[in-house]
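Participant: Residue numbers (the numbering used here), protein chains in the order written: chain A, 38 to 741; chain B, 8 to 563.
The set of hints was computed from the structure by calculation and includes no laboratory data.
Among these hints, one or two may not hold up.
[What the hints assert, rightly or not] The calculated EDC-like cross-link candidates involving lysine to aspartate or glutamate, where the alpha carbons are at most 16 Å apart (straight line), are:
{"hint": "1", "chain 1": "A", "residue 1": "LYS448", "chain 2": "B", "residue 2": "ASP247"}
{"hint": "2", "chain 1": "A", "residue 1": "LYS657", "chain 2": "B", "residue 2": "GLU294"}
{"hint": "3", "chain 1": "A", "residue 1": "LYS411", "chain 2": "B", "residue 2": "GLU295"}
{"hint": "4", "chain 1": "A", "residue 1": "LYS238", "chain 2": "A", "residue 2": "ASP278"}
{"hint": "5", "chain 1": "B", "residue 1": "LYS69", "chain 2": "B", "residue 2": "GLU178"}
{"hint": "6", "chain 1": "A", "residue 1": "LYS392", "chain 2": "A", "residue 2": "GLU475"}
{"hint": "7", "chain 1": "A", "residue 1": "LYS411", "chain 2": "B", "residue 2": "GLU158"}
{"hint": "8", "chain 1": "A", "residue 1": "LYS238", "chain 2": "A", "residue 2": "GLU250"}
[Said to hold, decoys possible] For each label pair, taking beta carbons as the anchor points, the in silico distance ranges come out as:
{"hint": "9", "chain 1": "B", "residue 1": "GLU275", "chain 2": "A", "residue 2": "ASP675", "range": "44 to 52 Å"}
{"hint": "10", "chain 1": "A", "residue 1": "LYS102", "chain 2": "B", "residue 2": "LYS299", "range": "50 to 58 Å"}
{"hint": "11", "chain 1": "B", "residue 1": "LYS299", "chain 2": "A", "residue 2": "LYS117", "range": "46 to 54 Å"}
{"hint": "12", "chain 1": "B", "residue 1": "ARG286", "chain 2": "A", "residue 2": "HIS573", "range": "42 to 50 Å"}
{"hint": "13", "chain 1": "A", "residue 1": "LYS411", "chain 2": "B", "residue 2": "GLU439", "range": "26 to 34 Å"}
Ideal Cβ positions, reconstructed from N, Cα and C, are used throughout, including at glycine.
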Amino acid sequence: MIYFAVIAVTATARATNHDQIAALFRPFVAEQVTLAPDGRHVAYTEHVKNELNVIIMSLEPPYAKLRLLVADDQALAFSKEKQRAQLRFLRWATPNRLVFAPAEESFRIKQPPGFFGPKYFAPILAVDADGKNPDTLVDGSDYVATVSAVPTDTDDGIHQYTRASEIIGFPAGDRDHLLVRAIGYEFPTDPPTLVPTTAFKVNIHTGKKTALESEFFIGAVGYDQQGRSRLSYVRPLHSPDRSFILQGATPLKFDAAWLGSLAGNFTITPRNYFGERAFPLGFDVDPDVLYVASNIGRDTFGVYALNLKTKQRTDLALEEPHVDLAPLEPDYPSLQLVFDEFRDTFAGVRSPGPKPVAKWRDPELTAAQRALEKKFPARTVEILEWSEAPTAFLMRVTGGTEPGRYFVWQKTDNLVLEILRRAPWLAAADLHATEFFEFVTAQGVYLTGYVTLPRASRLKPPPAVIRFADGFPGSAHAEFDREAQVLAAMGFVVIRLNHRGVGGFGIKHREAILAGIDRVPVDDAIAAVDWVAARHPIDRKRVATMGLGFGGYLAVRAVQLHPEAFRCAVAFNAPLDLAFWLRAEVTTDMGTEIDFSQEVNRAFLQRGPADLRALSVLEKPETLTNPVFLLANAGGTDATAIATIRLRDQVRRQGGVVDYIEVNADFAANLPDARAAVYDRLEEFFNLNLYDYKVRIGPTKEIK
Amino acid sequence: MRGAGILLGVGLVLSGARSATAAEPPGPIVELPPMIVEATSGSVTWLYANVKGDEYLSRCAKGTTRAFIESHERLRRELRAIVPDEFLASLPTITLLSGQDVAPKESDQVARELLGSEKMTAPGRGAPVKFLPNLRLDDRDLSAVFAYIDESAAKQIGLVVSASQLRLLLERRTPMLPPWLIEGILSVRAQIDVRAEAVTLRPFVWLTADESRAIARNPTQPRALLPANEMFAPDSLRGDGNHHPRRVQALQAQVGLFVRWALDPRNEVREAFWAFAQRSSEQRVTEEMFAKSFGFGFSDLRDRLNDYLPIALKEPLHLEPGAPLKSAPSEIREATPAEIAQLRGTWERLEIGYVQRSHPEFVGSYTVQARRTLRRPYERGEHDPRLLAELGLCEIDAGDPAAGLPLLETAITANVGRPRAYYEVARLRFTELMRGQVAGRIFSAAELAPVVEPLRRAADAAPPLPEAFGLLADAWVRSRDAMPAEDIQTITSGAKYFAMNPAVSYRLALALACGGRRVEAAELLATGAEYVADEAARTRYAQLQAVLSGAVPAKE
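Please model the entire structure based on the sequences and the hints provided.
Facilitator: See the structure below:
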């Protein structure tokens, strides 16, 4: 006779602790890395004791290092922790000369008469590989513009205006200079004063600055590789439409006469933003060739090229069937276009996405990519830079449990030298394994994501958290996720899902959400839990939902729609009332200022059949019967914060379980203390509401 | 017959530590011809012991002989801390022991020189270590050791396995072990600190002492480990840029690191590792296969080894030796004249081949000595099959196969337990069968039977000899009759044992293909081709693969 009793789980000590969280949220080493053109040195960033350092390291034994202190971390409001100083530029100009620049900062200080604008701290520095000849090439004072106005009795009309700056890069074929632009603006005088945008060429050895051209244009500017502004991205404050102008002797609009159907699509409106359109990415070394992203006539963004002289498309067509090779908004200079600066050729395209993708045009890089992927199976290999020879390739390898390691592949001995780990304090064996997954649901939907498996769990089978994608449209989840590691340390199987509606996978995947803004992603979440559960044991009675922004909305909505499938919800800064979130523009004295992202989101979501008001979590609060954990920014007055507080109050009134927490900017900045405080609360919430020691388990049975 | 160079297989501690160092003696190793075991006066008693098939013939005192045998048992147990028994070939060993006080005869200058070289101490901390003058010679189906022992220090005998002996046991294991595993285990052997009480590996050395110090001091110091798929690939040092000295060095160090990591109890992968090692001796290593054993993939392995390296460089690693063997104490008794003649004769026969290669001017006297030793009991009427086999092999090694063949035929008729005897008979018969034949001549099964029959028996005996399986394959490739199921099965077993042996894998694949086993043949070619170094041979493999896949029509 065997007596078999089922007993409730007992409370245990906290699974995570501050040190673990601090380790996970400690800033990575080598947020930026660069390889010298001769392949003999690398330079990278490292935070040490609230200081940002640049390290120059030789790639030959004994791998001598040189440390350069660049900037101090900055105090952050309402936080004991400091905001980490950042670098905005780090590149080798020559085999021996490194150029770097800390992120620009501005200070409101009292300026002398005739001097306007904040003070800018914006040095660009250079140093030799051996640490000799350190030099501040330029600083904020070098970007001051002198503008003449009409003199008055008390004012000679000659005014000085400070300007922010942006580093464009090295001009094609000239690594002795750096292209920088001082950004113009409209100073609020009556009439407004137009401060010009000026491009400079800065000598990296002497710091000598040569102005190239000035223009009175406000907005994003695309420069060609000789430093001439050639492209304007017009984004009016008071109009919902945006456009691109090709500058020249006569500004040229993209014209149907030579672009055909492509031409009209260069105009961006809230209606076509998430649909088919095209936009310029940047110029080739040949200034007559313009690279363009387009998804016209196809599902995902591909990259093409136009010859502006012949007005013909070239034969370039870089495409991926499931992944957009360009983001929805261009960056100038482009982060997607990659050039071989030693040969002055176009090398290929890089794209973020569920896994970073590189489409190389250059056969040597294609072969190198293939060879390196073979060396690191089940990892993502990103070739970042290569030496002039090219015998050395700098690459970042991520994926699996790995937050990232940097290697230099030395082709002469076919060895991959591990030069850096992004988080050397995190031992591979201590991290929780993460697997990429992809599958097709019973409804024929292709879904991807990552599942992180806990190394140990309090329960067998372990509980799970399904994490919706952040924001709207959702961003594809990254391979390594600190929060997933924290949740796995609490004992959860963490499923991070790129559900329908998430961006970067083409139009169909994004637009599929319109069939049911809440239900479609929630159905995907259920399908993903089913799929994962079929492969890894999961306690189906203990599945929590979680999300940030729109993902937070989906997390709460999932619990509201399927309380039987999801035990509780965690929402960070979630727009819980979609109609309120996407309310019409606000008119002020200055006119109607357009919030473009709100316009495009509204235009997109209103295309669906559902009434956004009916989708509000707050519409039927009585259906929200399972516990929720809500997080909002402290003192927030936006639609998100207001709706969060409303829901908190509603749930409390009806006697439900709600845990509400406010955070400061240090949480968003991923600072360890702030994160640890929130995860501590979250773990308590899970202990009380998910592990739920009041689970009814039935009477003890005697089994014969 | 093949002889090993003079490498230390036996060590003797003079004082302090329990066992001798594994380090090689300082200074260059001088290769000497082996010592002749001279006939002794009637006053010397030869002792005999048989421990699980390993035989000892000793003219030392009983206590010394026992101490040596016990030390040998202890060595096996300690060896189990780094490699389980099932990964070592079961190669019978005969050991001849002699006291150092027994002076070699004036004529045996070699033994005198060998004895003169015995006062060698290993560098490093701790007590000085004296090495036993000893020599190991190997045949295809057994191994023989001759050692001089200082009987005054018999209780302090400590044995260490030499690299060459361990290599032999690993390389002869069937199914064959992949090179990365053999080199990895040998590297771990080289790390053993024999002065320490338990089985202790000294802190690891990565490439150079400087590089090791730098990584131990700073775990983030750059370093180049090979990706795991390259570490396991047999051809990872082939092709442009792949034989760069740094890459070769890195690979050699990394396989040692891998085995050390696997044995380190903190990593909790020991069982998984040996399960993986077993699989990798049976099939090509794939990431899927690796992940099945370890629960993670190749990239994670590279990362874990990389992260383990600074720990390995800093700390010694203590390993638990295997449990003591539960066996009755070995019986040591006086040897019979036949045992003396047979074991001494075996040793002397092995000397012939060795001397032939290294000191041909001595061959004559060594041959005479071996024949004399073996013939003496034979002429007295002793016809034990082992003695006959030894006599036959002695004639073959001395270059007189015609004299050897009848002796071997008699021995195998009496079911002698020596696979080489069966192989040699088959080889000589096959040579005879092929003599004067036109190229491409094929035979009937009946014509091949005298060759095939002894090979079948060789294949059933231990240790399996690749040449026996290869010859069986060669024979059936020349047959006009279908290969019987029994021989297909034998060749399939050979394919499993020797897929990594380029000397036989092609021949076995060809026979399998001829026997209609195209899938097995193709699998064997795919694995075998990875271990073939020369381009012409690889082309041959590729051509046969193409024929098997139907891409190219067979010529015949």
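Participant: For each hint, tell me whether it holds in the structure or not.
Facilitator: Outcome of the hint check:
Among the hinted pairs, A/LYS448 with B/ASP247 is consistent with the structure: their alpha-carbon atoms are about 10 Å apart, no more than 16 Å. For the hint linking A/LYS657 to B/GLU294, the alpha-carbon distance of about 52 Å lies beyond 16 Å, and the restraint is violated. Taken as a hint, the A/LYS411 and B/GLU295 pair is honoured in the structure, with Cα atoms around 14 Å apart against an allowance of 16 Å. Only pairs whose Cα atoms come within 16 Å are accepted, and A/LYS238 paired with A/ASP278 is rejected, the gap being roughly 33 Å.
Distance hint between B/LYS69 and B/GLU178 is unfulfilled; the C-alpha atoms sit about 34 Å from each other, more than 16 Å. Note on A/LYS392 and A/GLU475: the hinted pairing holds, with a Cα-Cα distance of about 12 Å set against a maximum of 16 Å. In summary, the hint linking A/LYS411 to B/GLU158 is not supported, as the alpha carbons are separated by about 59 Å, beyond the 16 Å threshold. Only pairs whose Cα atoms come within 16 Å are accepted, and A/LYS238 paired with A/GLU250 is accepted, the gap being roughly 10 Å.
Distance hint check for B/GLU275 and A/ASP675: the Cβ-Cβ separation is about 51 Å, which falls inside the suggested range of 44 to 52 Å. Taking the beta carbon of each, A/LYS102 and B/LYS299 are about 41 Å apart, not inside 50 to 58 Å as hinted. At about 48 Å, the beta-carbon gap between B/LYS299 and A/LYS117 stays in the expected band of 46 to 54 Å. Distance hint check for B/ARG286 and A/HIS573: the Cβ-Cβ separation is about 24 Å, which falls outside the suggested range of 42 to 50 Å.
Between A/LYS411 and B/GLU439 the beta carbon distance is about 51 Å. The supplied range of 26 to 34 Å is therefore violated.
Hint violations for this structure: numbers 2, 4, 5, 7, 10, 12, 13, all remaining hints satisfied.
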